[in-house]
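**Q** Sequence:
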Amino acid sequence: MGDDLKYAAPASQNDFEIAIICALPKEKAAVLLLLDDLWDGRGNRHRYARAPGDYNTYRHGRIGRFNVVIVLLDTMGKVPAAGAAVNIRRSYPNLSLALIIGICAGVPLAKGREVILGDVVISNVLIHRDFGRQYPNRFEAKAEVEDGYGRPNRNIRSLLKSLEEDNRPEVEEQAAEYLRHLQEKHDKDPKRESELGKYKYPGADKDKLFEDSYEHKHHDPTLNCGRCTQGSICEESREIECDELGVIGIEMEGAGVWDELPCIVIKGVCDYADSHKGKGWQYYAAATAASVAKAVLDEYPGSGRVSGDAHGPQEAMNPLVDSARHQEMQQMSEKDQQCLKHLRITDPRHDKTRIEQTKGGHYRVKFSLQGMPTSNNFVPRPSDITDIEKSLLPHHQKSQGRNVFVLHGLGGIGKTQLAVNFARQYKDAFSAIFWLDGTSEDSLKQSFASCAKRIPKDQIPENISSPKTGDEVDLNDIMEHVQEWLAEDDNVYWLLIFDNVDLDHTQGEIPGAYDIRKYLRSDHGAVLITSRLSKLAQLGESKLIKPTDLDLSKKIFEKWYGKELSEHLSLLRDPTLKLTLTRYFSDG
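For the sequence shown, the working numbering assigns the number 1 to the initial residue and increments by one for each residue that follows.
Just so you know, these hints were derived from the structure itself, not from any lab.
As the structure is a prediction and not an experimental result, all values here were calculated from the model.
For every residue, glycine included, the Cβ atom is placed at its ideal position computed from N, Cα and C.
Simulated pairs of lysine to any residue, SDA-like, Cα-Cα distance not exceeding 20 angstroms:
1) Lys427 - Pro456
2) Lys200 - Leu33
3) Lys26 - Glu195
4) Lys427 - Phe367
5) Lys457 - Leu475
6) Lys26 - Lys188
7) Lys546 - Pro382
8) Lys546 - Asp502
9) Lys366 - Asp490
10) Lys390 - Gly540
11) Lys26 - Lys78
12) Lys390 - Gly53
13) Lys200 - Glu184
14) Lys366 - Tyr493
Derived CB-CB ranges, DEER-like:
15) Thr386 - Glu170: 47 to 57 angstroms
16) Gly77 - Gln425: 41 to 51 angstroms
17) Pro382 - Pro25: 51 to 61 angstroms
18) Lys535 - His181: 48 to 58 angstroms
19) Glu170 - Gln425: 52 to 62 angstroms
20) Leu38 - Asp74: 21 to 31 angstroms
21) Phe367 - His181: 50 to 60 angstroms
22) Leu369 - Leu38: 47 to 57 angstroms
23) Arg180 - Asp474: 48 to 58 angstroms
Working from the sequences, and respecting the hints, build out all of it.
**A** Here it is, written out as structure tokens:
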């Protein structure tokens with residue numbers, strides 16, 4: 001079941017690339033049965049430290065080429081999943097993929113496909129049920145289903161495409177082999193003697209949706225790639241969502257993780273979201289999901305940033321070399337031995353490129369004031385700038401993932417000029433800075449199109465850098481390519497500034513309004529938002545920009561209208577009128 005390579009335990013949290021998230025103990029247990037190595041067995045349970053404030057409990061191991069970290073949620077649902085994902089990202093900064101593995105409800109006979117109990121659903125689109133209307137017998141999505149959550153990144157999309165087409169038979173065959181291994185490993189464990197057969201196939205006669213005479217076409221786990229939705233729905237709504245939106249599965253955790261980490265939802269079907277719900281298929285469904293997940297990881301190329309400490313069998317073939325190495329190690333101090341053990345050999349041909357990419361040099365875009373409403377009369381507001389610095393500057397960032405800062409307050413109070421000043425002051429701290437007009441969704445897409453023209457030609461399709469003006473389909477395509485560029489694993493030091501995001505998309509059908517979360521797809525980078533909407537503060541760190549105090553108002557007044565007019569203003573005897581006029585001219 002394994003390969004001929006021998007793997008050493010990872011040195012630190014930085015050596016883990018895959019996260020596995022489970023909502024139920026039975027789901028986690030199935031995953032643990034398929035580990036090729038367990039890194040935190042007895043006596044080593046706490047060998048990898050968590051980030052401060054991370055209260056997740058982890059298990060660590062290896063599946064194939066990848067070191068994996070496994071977390072069990074404290075309860076089911078998207079909110080616990082989102083919290084867990086945020087903390088995983090903090091403690092394990094080099095994750096390139098999260099797998100949400102477990103059980104779900106399936107939609108039988110979806111789009112002509114037979115989805116039966118024990119099959120596995122892999123989500124390529126996650127429909128957002130929070131945006132739409134639930135009628136007595138149906139759910140009506142408010143927007144296109146692809147607008148629900150961000151698209152998977154290019155690496156994941158390529159993998160899913162191969163699973164849907166040419167690689168599917170091989171993955172199913174490999175998953176069936178892993179499933180049999182899981183079942184045998186469980187049943188051979190003497191400590192589980194009382195649970196023999198817990199993960200075995202329950203039998204077609206236990207599938208209550210179909211008549212006993214109905215012959216299922218398969219017994220081994222079958223892959224079904226398609227759209228999933230979140231939460232619980234009624235049976236009538238299930239059929240309508242299947243027909244109208246192409247839903248094949250209903251699950252609860254994917255929505256919480258989707259926008260926090262690049263992820264794939266892999267769930268085994270244990271019921272049909274109908275009156276026949278029961279627990280009889282849950283263990284088998286958990287086992288099929290874990291088996292398919294392991295087979296999927298066999299196909300996953302990885303990011304190339306993290307590699308296990310693997311040694312081929314030829315390494316120990318020369319006993320003289322091995323003996324000499326042993327004697328040298330014996331003469332070293334324990335500290336030196338540990339240092340030597342953790343050294344990695346690198347290829348000098350790639351070192352320069354790797355260093356440049358780490359600093360963002362490969363993705364550097366020349367700074368431009370294009371789109372920025374600049375003013376030569378800006379008066380610095382040091383305390384406000386400091387707050388933005390602490391959250392967004394690369395060397396200050398609290399999280400290895402995406403960092404968002406929201407400037408909110410009344411219109412005309414100086415939010416935009418604060419953002420402009422921050423961009424100009426720290427233009428060399430970021431590899432790229434893009435200013436986006438957030439006034440409406442159309443203006444935002446036009447801004448993304450302008451950004452595309454500035455991206456290095458070899459990093460974006462040539463036809464994308466010269467869009468056809470006004471072509472809506474073309475704009476969407478351009479925007480997607482820019483988002484993919486931002487999501488590149490090594491492209492982490494950019495700054496996006498969304499200016500004037502003032503329309504509330506939750507207050508009915510407002511022309512031009514949109515959900516800004518659709519455009520926050522990458523799990524890294526820095527984002528600065530200016531808005532009149534205080535509710536956007538929940539997207540990250542935030543600051544309410546208030547009217548300036550009298551001293552700062554005077555400085556702004558003098559900058560704009562000159563010292564002479566300021567002196568005339570000082571002659572006013574009424575202090576209230578003086579303060580009102582000063583603030584009117586400076587903030588308005």
